[in-house]
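Asks: Got chain A; can you put chain B on it based on the hints?
Quick note, the sequences are listed as chains A and B, same order.
Numbered according to our numbering, the first sequence spans residues 1 to 171.
Numbered according to our numbering, the second sequence spans residues 1 to 584.
Don't read these hints as lab results, they were simulated from the structure.
Every residue gets a Cβ at the ideal spot worked out from N, C-alpha and C, and that includes glycine.
It is possible that some hints are incorrect.
[Stated by the list, open to error] Ranges of calculated distance between the beta carbons of each label pair, as one might list FRET restraints: (1) 344/B with 160/A: 56 to 64 Å; (2) 166/A with 117/B: 46 to 54 Å; (3) 32/A with 288/B: 15 to 23 Å; (4) 48/A with 122/B: 29 to 37 Å; (5) 160/A with 441/B: 58 to 66 Å.
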Amino acid sequence: MHIRPRQSERHTLSVTVANEPGILARIAGLFAGRGYNIESLTVAEVTEDETVSRITIATSGPPAVIEQIIAHLDRLPPVHKVTDLTATAPYVERELALVKVTGTGDHRIEALRLAEVYRARVVDATISSFIFEVTGGPEKIDKFLELMREVGLIEVARTGVAAIARGNQVI
Amino acid sequence: MADERTGADILIETLRDLGVEVVFGYPGGAVLPIYDALFKQAERPDAIRHILVRQEGGAAHAAEGYARSTGKCGVVLVTSGPGATNAVTGITDALMDSIPMLVITGQVATPLIGSDAFQECDTVGITRHCTKHNYLVKDPAELEGVIREAFAIATGGRPGPVLIDLPKDVQVAAAISRPSPTAHRYNPQREPDPALIETAVEMLAAAERPIFYTGGGIINAGPEASDALRDLQALTGAPVTSTLMGLGAFPASAPEWLGMLGMHGTYEANHAMNRADLIVALGARFDDRVTGRLDAFAPHARKIHVDIDRSSINKIVRAELGIVGDVGLVMRAMARLWRERGHQRQDLSAWFARIEEWRAKRCLDFPLSPTEIMPQQAIRRLYEATKHRAPIITTEVGQHQMWSAQHFHFEAPNKWLTSGGLGTMGYGLPAAIGAQVGNPDALVIDIAGEASIQMNIQELGTASQYELPVKIFILNNEYMGMVRQWQDLTYQGRHSHSYSDSLPDFVKLAEAYGWKGIRIDDPAALDDGIAAMLDYPGPVIVDCRVAKLANCFPMIPSGAAHTDMILQAAEVSGEMTDEARALV
Numbered sequence: 001m002h003i004r005p006r007q008s009e010r011h012t013l014s015v016t017v018a019n020e021p022g023i024l025a026r027i028a029g030l031f032a033g034r035g036y037n038i039e040s041l042t043v044a045e046v047t048e049d050e051t052v053s054r055i056t057i058a059t060s061g062p063p064a065v066i067e068q069i070i071a072h073l074d075r076l077p078p079v080h081k082v083t084d085l086t087a088t089a090p091y092v093e094r095e096l097a098l099v100k101v102t103g104t105g106d107h108r109i110e111a112l113r114l115a116e117v118y119r120a121r122v123v124d125a126t127i128s129s130f131i132f133e134v135t136g137g138p139e140k141i142d143k144f145l146e147l148m149r150e151v152g153l154i155e156v157a158r159t160g161v162a163a164i165a166r167g168n169q170v171i
Numbered sequence: 001m002a003d004e005r006t007g008a009d010i011l012i013e014t015l016r017d018l019g020v021e022v023v024f025g026y027p028g029g030a031v032l033p034i035y036d037a038l039f040k041q042a043e044r045p046d047a048i049r050h051i052l053v054r055q056e057g058g059a060a061h062a063a064e065g066y067a068r069s070t071g072k073c074g075v076v077l078v079t080s081g082p083g084a085t086n087a088v089t090g091i092t093d094a095l096m097d098s099i100p101m102l103v104i105t106g107q108v109a110t111p112l113i114g115s116d117a118f119q120e121c122d123t124v125g126i127t128r129h130c131t132k133h134n135y136l137v138k139d140p141a142e143l144e145g146v147i148r149e150a151f152a153i154a155t156g157g158r159p160g161p162v163l164i165d166l167p168k169d170v171q172v173a174a175a176i177s178r179p180s181p182t183a184h185r186y187n188p189q190r191e192p193d194p195a196l197i198e199t200a201v202e203m204l205a206a207a208e209r210p211i212f213y214t215g216g217g218i219i220n221a222g223p224e225a226s227d228a229l230r231d232l233q234a235l236t237g238a239p240v241t242s243t244l245m246g247l248g249a250f251p252a253s254a255p256e257w258l259g260m261l262g263m264h265g266t267y268e269a270n271h272a273m274n275r276a277d278l279i280v281a282l283g284a285r286f287d288d289r290v291t292g293r294l295d296a297f298a299p300h301a302r303k304i305h306v307d308i309d310r311s312s313i314n315k316i317v318r319a320e321l322g323i324v325g326d327v328g329l330v331m332r333a334m335a336r337l338w339r340e341r342g343h344q345r346q347d348l349s350a351w352f353a354r355i356e357e358w359r360a361k362r363c364l365d366f367p368l369s370p371t372e373i374m375p376q377q378a379i380r381r382l383y384e385a386t387k388h389r390a391p392i393i394t395t396e397v398g399q400h401q402m403w404s405a406q407h408f409h410f411e412a413p414n415k416w417l418t419s420g421g422l423g424t425m426g427y428g429l430p431a432a433i434g435a436q437v438g439n440p441d442a443l444v445i446d447i448a449g450e451a452s453i454q455m456n457i458q459e460l461g462t463a464s465q466y467e468l469p470v471k472i473f474i475l476n477n478e479y480m481g482m483v484r485q486w487q488d489l490t491y492q493g494r495h496s497h498s499y500s501d502s503l504p505d506f507v508k509l510a511e512a513y514g515w516k517g518i519r520i521d522d523p524a525a526l527d528d529g530i531a532a533m534l535d536y537p538g539p540v541i542v543d544c545r546v547a548k549l550a551n552c553f554p555m556i557p558s559g560a561a562h563t564d565m566i567l568q569a570a571e572v573s574g575e576m577t578d579e580a581r582a583l584v
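Pulled out of the complex, with its shape left as it was, chain A reads as follows (with noise of 0.2 Å):
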């Protein structure tokens, strides 16, 4: 039986690291290196331990890429655990992007509405212009980022996501 490439898939996986300088650059060269496909890559210290850090990396691809990227990244001496939120746990993701909004009339008063439909808070506002804050899972900013075209989107940032898994279970 052979890899052959199959529906792909998208996963999210927690990885938990050494702090170490180089850590990030080593997991971003390594899909580009294999020619993974990264969506987002996230990283910050998040416990008491600053010895340890936490990236959240969203990809996608056949469940044979998914299994090589976990292996691979399992590998690498600084990787203490990594976890497929996906596979393994029901789990909460969210994610946060600044949109900057233009109009005048109609359509910044259409602008206000999704905003208010999406829980979006704006941050920033002149009289041409918003920046509204909206967080929530990546699929509901796609979708928020597909309305604001219509009215007027003209930049965005977003944060890539982070990932934890449900109930009182710690990965």
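Replies: What follows is chain B alone, placed relative to chain A:
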């Protein structure tokens, strides 16, 4: 303070404490403190010996040869900038072939890092992709912990190169060593899951046409792993084939030995893989030179894949059963359970009868000539003349390498050193030097091509300096033979730039370095020439002039199935498709 030591002293003392006996290196501005520390300890009975190579690439390959032939970790010491970049090929070679290696590079002083200082380069950045791990150490107090961790990573699990970049100010600063605060456990899984062993044994016991497909991982797992393979084979009776890197793990004289498989493997090995109903892959990684066309690879076989590197399993070929662990321990566990269960050998006579039919093709036969030395003949005569001495053979890369793999036979591991994964021309001579340093009493021969040998020819001086009696046996056909062979096969004989023009007189070159030079150009003089090489106590270059246009067969053209082997030149026809060309 009494127990304050400089970074350079900490480095040397820690290496000595780890049992390092030899360092292969080349000095430069950014490692002068380390060289001074080496100098100051040279009179100690347990001093680290330094072998001065002629170019840093030679240091890395010599360390590989040392490691591969002794089972120890090879250690390399080079300066910053060009010293580090010259070593990159050897480091990559060690990564591809899983060779344990510790590389110490000098770096400009920490305040100068990032300023484009003289001989500065981002060594950690450059080597991130060709090391198993690497470090930039900025605090001498952390150095000892880093070295110990680096050594453990280089030698543990799937072995590989680990690099420590050491700024010059860290080498001279004094510090009290403290354990690394970032120390984490590097703990690859060695013991296999017993449930998987149980499944593997049952699959093996039920197979009618089993085959062991063995690789360099068995050599890396130490001589005990080769013993375990022999034991497991004896219990099951299954035939054995191996990759280029696995030669010697199973004795070539055993009747169940099929020879190497893959692109230049034997007819019997490739056909047996194709018809097998169970493949037990042991420390092998389904390299493309082995599998050929993937959708035609072993179509009837279930696969058990044993590897210490989890990422090798299901990377190229999906295994019904993947076992992560030390291959020696896995085979031992399988043999133990086989005995406990009271399994008998399956009756494999029908399977071996088919194998004998394939063997009857005598795929390694070649025509002899009364006037020209055939390269295969040269290797066979060299083998016959040396086999009682169990020589260590290194090679460069190309036709001579494949002919050596086909016609030189190995009974024991750690005797065959070749650049498999990266295919590095220029590997053989420095690797032979490293092997001779590690095995002073062994007969070490670099089988080379006239093109490959020139890639690191400067290392002749290293062998002279340390009185290392290595032999270089050049199969000189005046072509980059494998390039020319592919041009014959895929570009209708358009030999674009594959002719080795303006060759040196290798005999005079040998003499210039204080070596003995011998030229052989007549088949009738072949044995005498080899004997003269072996009788001479010092280093020798043999310039063996062989048939210019001989090609290496059998061969599976890339993009073809295992059963589509070309056995001789007459079967080569037509121009390849672009797709097949891309796969060569």
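Asks: Look at each hint and say if it fits the structure.
Replies: So, going through the hints one by one against the coordinates:
Between residue 344/B and residue 160/A the beta carbons are some 59 Å apart, a value that agrees with the proposed interval 56 to 64 Å. Between residue 166/A and residue 117/B the C-beta distance comes to about 52 Å, which sits within the given range of 46 to 54 Å. Checked against the hint of 15 to 23 Å, the C-beta distance between residue 32/A and residue 288/B comes to roughly 21 Å, which is consistent with it. At roughly 33 Å, the beta carbons of residue 48/A and residue 122/B sit within the given window of 29 to 37 Å.
As the Cβ distance of residue 160/A to residue 441/B is approximately 60 Å, the hint placing it in 58 to 66 Å holds.
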